[in-house]
Amino acid sequence: MSTTAPDAEGEGPREGAHPAYTGMEPSTRKAVLRQSLSVGIATGAYGISFGALGVASGLSILQTVALSALLFSGGSQFALVGILGAGGTGSAAVATSTLLGVRNGLYGLQTSRILHVRGLRRLLAAQVTIDESTAVAVGQEHRAEGRLGFWVTGIAVYVFWNLMTLIGALAGNALGDPQRWGLDAAAAAAFTALLWPRLRSRDAAATMVLAVAIALLTSPLLPVGVPVILTVLAAVVIGLSGGGRHEPPTEDPELDDDEFREGVPS
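Mind the numbering: the sequence shown is residues 148 to 413 in my numbering, read in order.
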């Protein structure tokens with residue numbers, strides 16, 4: 148299937164040009180890769196904290212590493228080991244962790260409009276659908292850039308997070324309190340940097356203010372994880388009602404899925 152785009156002189160369409168993907172400028176690709184890798188490294192570095200805290204909470208090194216490899220959701224992982232470390236029951240830890248993980252399912256509603264994946268690739272996408280990969284994906288102008296950002300960010304975070312979890316678990320008590328290093332602040336700063344450019348519109352800023360207000364008001368009153376779900380649901384409702392006026396990254400309307408898969412991990 149061929150698509151067309153105006154040529155450099157504006158004299159008419161040029162055969163075979165896919166502005167959404169194959170027409171991605173090298174500078175654009177480099178920018179997406181740089182952003183994705185920087186987020187992956189910054190977020191992954193915080194995995195050392197989880198590794199140390201996991202062992203300190205009573206988990207074995209193998210259990211701690213398995214949590215990062217299989218669960219792969221920072222908020223859920225920290226909630227689980229935090230409750231166990233404080234003497235809570237396993238059922239309470241699992242319930243809270245699961246509640247926090249619900250937001251990833253909501254992210255999937257958004258990323259599915261960008262990725263268009265099936266089969267094993269869909270399972271892989273589900274595993275790396277996290278805060279950071281979603282933020283990078285929806286922050287791009289075109290779907291091709293969104294796909295590239297999603298995969299590179301998700302895989303980079305997964306690799307670095309699991310590597311640093313292992314290091315943290317092996318080092319154990321020798322690390323002391325890993326939170327004093329400020330790695331948690333580095334991860335939060337990286338995520339804020341991703342979101343900040345998206346807050347230029349009045350609607351987006353209003354959504355952010357509402358989410359912050361809900362989190363501040365409900366955090367002292369509700370169990371861990373519930374405020375996060377409430378803020379996400381509020382943002383989803385606003386988006387579905389049209390208040391956010393956010394559209395997924397655009398693509399060439401004539402570009403079919405098969406042609407659009409170039410460069411996506413198989």
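Derived by calculation from the structure, the hints in this document are not laboratory data.
The structure presented is a predicted model; accordingly, all values stated were derived computationally and were not measured.
One or more hints might be untrue.
As the list claims (entries may be wrong) - Derived DEER-like restraints, expressed as beta-carbon distance ranges: (1) Q210 to R268: 21 to 31 Å; (2) A273 to R349: 31 to 41 Å; (3) L218 to L317: 17 to 27 Å.
We treat Cβ as the ideally placed atom computed from N, Cα and C, and that holds for glycine.
Status of the hints after comparison with the structure:
1. Q210 to R268: 21 to 31 Å: Because 29 Å falls inside the window, the suggested range holds.
2. A273 to R349: 31 to 41 Å: Check passed, 34 Å falls within 31 to 41 Å.
3. L218 to L317: 17 to 27 Å: holds, 19 Å
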